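Novice: These protein sequence lines map, in sequence, to chains A and B. Residues in the first sequence are numbered consecutively from 1182, following my numbering. Residues in the second sequence are numbered consecutively from 724, following my numbering.
Be aware that one or more of the hints could be misleading.
As a list, the in silico DSS-like pairs of lysine-lysine whose alpha-carbon atoms are at most 30 Å apart [what the hints assert, rightly or not]:
id: 1; chain 1: A; residue 1: 1217; chain 2: B; residue 2: 1058
id: 2; chain 1: A; residue 1: 1236; chain 2: B; residue 2: 1275
id: 3; chain 1: B; residue 1: 1268; chain 2: A; residue 2: 1266
id: 4; chain 1: A; residue 1: 1230; chain 2: B; residue 2: 1268
id: 5; chain 1: B; residue 1: 1268; chain 2: A; residue 2: 1207
id: 6; chain 1: B; residue 1: 1275; chain 2: A; residue 2: 1378
id: 7; chain 1: B; residue 1: 1278; chain 2: A; residue 2: 1282
id: 8; chain 1: A; residue 1: 1274; chain 2: B; residue 2: 1044
id: 9; chain 1: B; residue 1: 1044; chain 2: B; residue 2: 1058
id: 10; chain 1: A; residue 1: 1214; chain 2: B; residue 2: 1278
id: 11; chain 1: A; residue 1: 1196; chain 2: B; residue 2: 759
id: 12; chain 1: B; residue 1: 880; chain 2: A; residue 2: 1378
id: 13; chain 1: B; residue 1: 880; chain 2: A; residue 2: 1214
id: 14; chain 1: A; residue 1: 1282; chain 2: B; residue 2: 880
id: 15; chain 1: B; residue 1: 1268; chain 2: A; residue 2: 1217
id: 16; chain 1: A; residue 1: 1266; chain 2: B; residue 2: 1270
id: 17; chain 1: B; residue 1: 1270; chain 2: A; residue 2: 1378
id: 18; chain 1: A; residue 1: 1217; chain 2: A; residue 2: 1263
id: 19; chain 1: B; residue 1: 812; chain 2: A; residue 2: 1277
id: 20; chain 1: A; residue 1: 1230; chain 2: B; residue 2: 1044
id: 21; chain 1: B; residue 1: 735; chain 2: A; residue 2: 1236
id: 22; chain 1: A; residue 1: 1207; chain 2: B; residue 2: 1058
id: 23; chain 1: A; residue 1: 1236; chain 2: B; residue 2: 1044
id: 24; chain 1: B; residue 1: 812; chain 2: A; residue 2: 1263
id: 25; chain 1: B; residue 1: 1118; chain 2: A; residue 2: 1236
id: 26; chain 1: B; residue 1: 1093; chain 2: B; residue 2: 880
id: 27; chain 1: B; residue 1: 1207; chain 2: A; residue 2: 1277
id: 28; chain 1: B; residue 1: 1270; chain 2: A; residue 2: 1230
id: 29; chain 1: A; residue 1: 1217; chain 2: B; residue 2: 880
id: 30; chain 1: A; residue 1: 1352; chain 2: A; residue 2: 1335
id: 31; chain 1: A; residue 1: 1214; chain 2: B; residue 2: 1270
id: 32; chain 1: A; residue 1: 1217; chain 2: B; residue 2: 997
id: 33; chain 1: B; residue 1: 1270; chain 2: B; residue 2: 1282
In short, the hints are calculated from the structure, not lab data. Since we're looking at a predicted model, the values are computed, not measured.
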Amino acid sequence: MENNFNLKIMEFYIKINKMNDKIVSKIFDFIIKANKLVDLSDGDYQIEKTLILNKISLKGYILDSDCCIQLNNNNITVYSIKELKTFLLQYEKTFKIDYSKYFLALSLYELIEDIENQVDSKINLEISELSRVISSISDIKISKNDEYETLYYKFKTQLDNYLKNNKLDGKAYNICIQTLNDIFNFYISGYPTISDKYIYHKES
Amino acid sequence: MSAEELSKYINKKIDDINLKYPNFITNEQRNNYINKNVNIEMTPEQIDKKISEIDNMYNKIVSQINISNQLTQDLDIKFQNKKIKNVDKTFGEVYKSYVIHALKLYEEIVNDKTISNNSKKQIFELRLNKYISNKKIDTNEYLLQQIKDPIKVEYAKTELFMGSESLNFESVSNLYKTFTEDLNQIVNDFEGKMNFTVMNNRPLEFDNKGKLISKIDYNFNGIKEIYDFAKEHGKKIKFHTFLWHNAIPENLKQSINKVYDPQLKREMALSFLKDYAINLSNFINQNGYDLNQIDVLNEIASDEINMGILRDSWWKDVIGKNPTNGDEYFIDVLKIVREQFPNVNLIYNDYNEYLPYKCENICKIINYIKKIETRDGIKLLDGLGLQAHYFDYIKKLDMPLSVNMIKETSIKYAQLDMPLYITEFDFNIIANQNANQLKQAFINNYVNIVDGFNMWGNSDNLTWGHTMLNGQFLNSHAIDANGKPKEIYYHIMEQMGIMNKNNQLIYMYDNDGNKPKFKSDKKIINNISFFQRSQNEIQIYQQIKNKNQIIKQQKNHQKLMNTPKAKKLKYDNSTHNNGFISTIILSLIISFICGAIFIVCYIAVGG
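Okay, chain A solo, but in the shape it has when bound (with noise of 0.2 Å):
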């Protein structure tokens, strides 16, 4: 391949990069935000690990507020969060109550999406670009999870057949591993998740 080939992977892994930054500085905005809501919900929130935990842990919390009930109570259950937003700040304006939790667990909810929608992003450019060298990766999207390991093994040798051959430079070759990884990653292991540290343990 040519030098500008190596050059466009140079490019493209700076763009990842920039991708991979804002999710990690949203995944720290999400820990900072719930923190403050393990504090303000006295507990009844509590950081899950994994992303999709976090999301129903929210969505439930925020469904079990009085003002949720009740609109269940009154069969009105078809709402989008923009709404849910107006209806809870009726509420809080009428019963002058502070929902700031509440508030603050819906935008939390929406981070995650925000999340997920990031890193599905990433991963389609990362498995778009990548094709340029691996032609057949978008396989891995059609793949069960017992067929991750061959492929794996399979795009791995071709790099390094690539690389052998010069057709890779060291650099680009380093990318295109730690590219093939990422997406091997996800598709294995799913979207980020938080680290140990953040989430409560027992003290023994």
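Position chain B against the provided structure of chain A, taking the given hints into account.
Specialist: For chain B alone, kept in the frame of chain A given last:
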């Protein structure tokens, strides 16, 4: 022009288009077009040709945008005038003619520039009271002619003018607002019933085959006043009601009851009904009214449990089944009306529709009519009218009305696959916890499935529901005694998607009637509701919740365990007492020693 200038020209045209219709051409489309159509090697002739092509495209696009904008404006104006977004659904009220007269009078006085604003109220109320007094006298004379029974005359007078004393400038101004801004269909009250429209001034004569030979004097003046006002304001009209067991002209009854031959009776009744339908049709056409619906059959289902499908009535006895094909009596009635009103929606209207046994009867009638329609290839019925007079206690079943009854019957009607209409809504239930649940069930289950909604009467005072029950007014209407719509009014309209007055959240009732009430904006098209969760999610959340509660307890426990033990100063009684005694003893000893020293010194000095 150079290629670069051509690019600029294209950009300018696109900017113009996007100004008229934002984002009509996206940046991507813009760039693609330029990349495709402009290149540095173009000859002047090619550039000229391209410019001409671009100008043609531009003109076409702009003219299409203009047409589209104009259509949108026209539609907006149309909706603005009617104040109703969904012009296909009807939303109306049933009016007595004196109420319409009050609205008409109000309009006249308010628009009369010769009357000062300060005097309008006084003049209106004077003129209205005079009108109602005169109308009562005229009506009394009319009633005496129509009805022989003096008790019935008294009852009719009370019913005819019920609530009239409540009409004042303020309440009428509010009612006028409802009439002009919200309603798109007006229905007449008693003045359209046969015992008022057919004058009882002479006997009816029929030939020996049952054909009507005498002329009938019809009195459509009562409904004329209502329909004229409706027409002036561009409202659709519904005629109530063609056939009703409680509205049989006396002279018709007398003529037919004298006859013994059932076939002759049948012919006489049908002949009369044809004459009635023709005259009603002539009245409608001559006055150019926009007649949308007719309640052709009113309350024909049996109201008794296990006593057959059809109500026993004079009409049923007299018309009877068709001797040729065995069709029920009401099929002939529908055919008569259909012939005179081919383009009007014919309705079958009934009450207690939320009771299971009544629902069954009504559905059977509808299915029967549909079978006849298929057999004869003729559309006889265009809709089912559900009166929606709600009462909380069902005497016949000796049980209260339940939410389940409302839900289940609404499902049965929805399955009929026929346009449904709420025709005479009022809510005659004393406000209590149950009332709100029943109201909500009605709105969620019935209002959700109907194509039209009419209220019986015009306010809490201007309706038959204005009665005392156990010392409480029923306040059964959706509009209060001052003519102001209640929240249920707006809720109904929004549930039907008819109107959204001010785009703000409005309230609806909850179980105890005290807490705030919310409305949902039902504009969710592509988004899944936030409320939606799978069973799995709910179970997982429950586990998380339990886990968090345990964590909370653990934290509280830890907090207690980690609280440092504070040093306390103890109050010791014995030590305190011992200290005090020691002080006294010491004082005594010191005093003794001082005393002894003094004596020794005194002796030594030679005292």
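Novice: Which numbered hints does this structure break?
Specialist: Hints 1, 8, 12, 13, 14, 19, 20, 21, 22, 23, 25, 26, 29 and 32 not satisfied by this model.
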